[in-house]
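Enquirer: Okay, here's what each chain looks like letter by letter:
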Amino acid sequence: MLLATRVVFVRAMRLSLRNPTWIVIGLTQPILYLALFGPLLRKMNQLPGFPPGSWWQVFVPGLLIQLGIFGALFVGFGLVAEYRAGVIEQMRVTPAPRMALLLGRVLRDVIVLVVQALVLTVAAVVFGMRAPIVGVVVAFVLVALLGAACASVSYAVALITKSEDVLAPLLNTVAVPVLLLSGILLPMSLAPGWLRTLSEINPFSHVVDGIRSLFRGDFGSADTMWGLIVGAIIVALGLIFGARTFQRESA
Amino acid sequence: MITARGLARTYRTRRGTVEAVRGVDLDVDAGEIVGFLGPNGAGKTTTLRMLSTLIAPTAGEATVAGCDLRTDPVGVRRHIGYVAQSGSTAPEATIGEELVDHALLYGISKSTATARGRELIDQLDLRGLWERQTKTLSGGQRRRLDVAMGLINGARLIFLDEPTTGLDPQARANLWEHVRRLRGDLGATVFLTTHYLDEADALCDRILVIDDGQIVATGTPEELKRRISGDLITLTVADPATAPAAAQVATGRSSGGDSASVETDASTVRFRVDNGARALPALLRDLTAAGVDLDGVEVRRPSLDDVFLTLTGRTLRDDIPA
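Protein chains in written order, with the working numbering: chain A, 119 to 369; chain B, 4 to 325.
Any given hint could turn out to be false.
Label-pair restraints from in silico Cβ distances [as the list claims (entries may be wrong)]: (1) B:Asp75 with A:Leu121: 17 to 23 Å; (2) B:Arg130 with A:Val237: 42 to 48 Å; (3) A:Thr291 with B:Arg25: 51 to 57 Å; (4) B:Gly44 with A:Gly311: 55 to 61 Å; (5) A:Ile319 with B:Thr16: 32 to 38 Å.
These aren't lab readings, by the way, just hints derived from the structure by calculation.
All C-beta atoms, glycine included, are put in the ideal place defined by N, C-alpha and C.
If we strip away everything but chain A, and leave its shape as in the complex, we get (with noise of 0.2 Å):
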């Protein structure tokens, strides 16, 4: 199992160093908004409503978030692009476990991710930003986390339907809302009541909360609390329905 899931995680990550441009472009996009869209949110902490700490500490939460959803999400396409060459059943037709292909490849997705989320941080910090390192670092493993539960999906999902036609709209109607829902950019304690009635059903606006008290050192908050809890439960949800559906032969 750890032998086989080695092999398929090199194979892939030899794959994606090969033609870097996914890992540049998820790279580049968060650092644009650091740069083009975070200067707007300069003058945002003095509106009443806008949570504790600088705006960095709300901000940079968010941007590594969307990596960790956005990126992670839409892995599924390289994986269509692998079924369609054979790659996938001529790995099935091996012993290897079901759960090692999957694995494999999730594993990959989670070191590009941690990679991108560290460059991400480390540009923060230069254009100022300040956080307890403990914050950060377990900030940092439930971003993983996350990502691996997004990717498995994104995997599952790709095996399921096979075609890029379908994945992208599917993709888009989900994670656009979720995104949206989620406080990622702007914080949903400015959101008029409705509006963070919705955010609270959206699971993932608990962990950017979570997230965000981190990123303060409110180790023992209520929000970073809940945060890890639904964070947990998204990433076994995730990982449980990309293992079964890699594991169901008919996939």
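Chain B: place on chain A using the hints.
Expert: Positioned in the frame of chain A, the structure of chain B alone reads:
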């Protein structure tokens, strides 16, 4: 090597259920090259994918390479090589990477995998392409790489799904040679699907003809040809006036035994006999006795085309997309 009983697979689609394979029984002995012959959509690939554990049968059971298909699919996977119909490698990866990675998934060590992979690409005329990305290969080269992928684990039972579709004649001949060597050198058992009659004829010890999800005939290429159509004899008479006399002799000798099974036009008489080579001496004697002078005699063994037409009422070519 393979025993299957009542293997069946139905698909559920929006329009209802499709019975892709309806109860296939088959036995393949070690060291045989067995061909699964049938038009597109007959159930060849579905059966092959069931036997190689890629899809589960909806009914029936099978033992493949000594392992039960349902209870020990991992055991089956360990003992078979599989060459898919539509490619097996990533365009960005190199030949060497794909072969070695595939071998590693079987638990083969990296050094063994590299040695075996290099040997295979030499044998399959891909020498010197180890470092090449697969997207730069020609269609024929890529197909041979697919075959190498299927052989990398050194399995004694190899499934080939339409191995030569899309290859030029020279590449086909080369691949046939390699398939024969698999059996000759390694003692491997080969189970292949094809919709080319000449391929089944040239390569296989035994042919299973499948149509509409069921096996409609089995036998050696020779048996199938003999059993179903008989040899076609064409007599060309020197004097058209003697054609009716020739036809009368032919009627007595033909496998049909009546005048309806003999075709006559101006100076030729055509009819089928069970074994042309054996029938000829007596036939010629009778014709001489009847005062018929011949310009020519032709004996043609039936092609598998004829066989397929007789068995299914359709020609294979109708089903091959342009």
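Enquirer: To test your reading of the hints: which numbers does this structure violate?
Expert: 3
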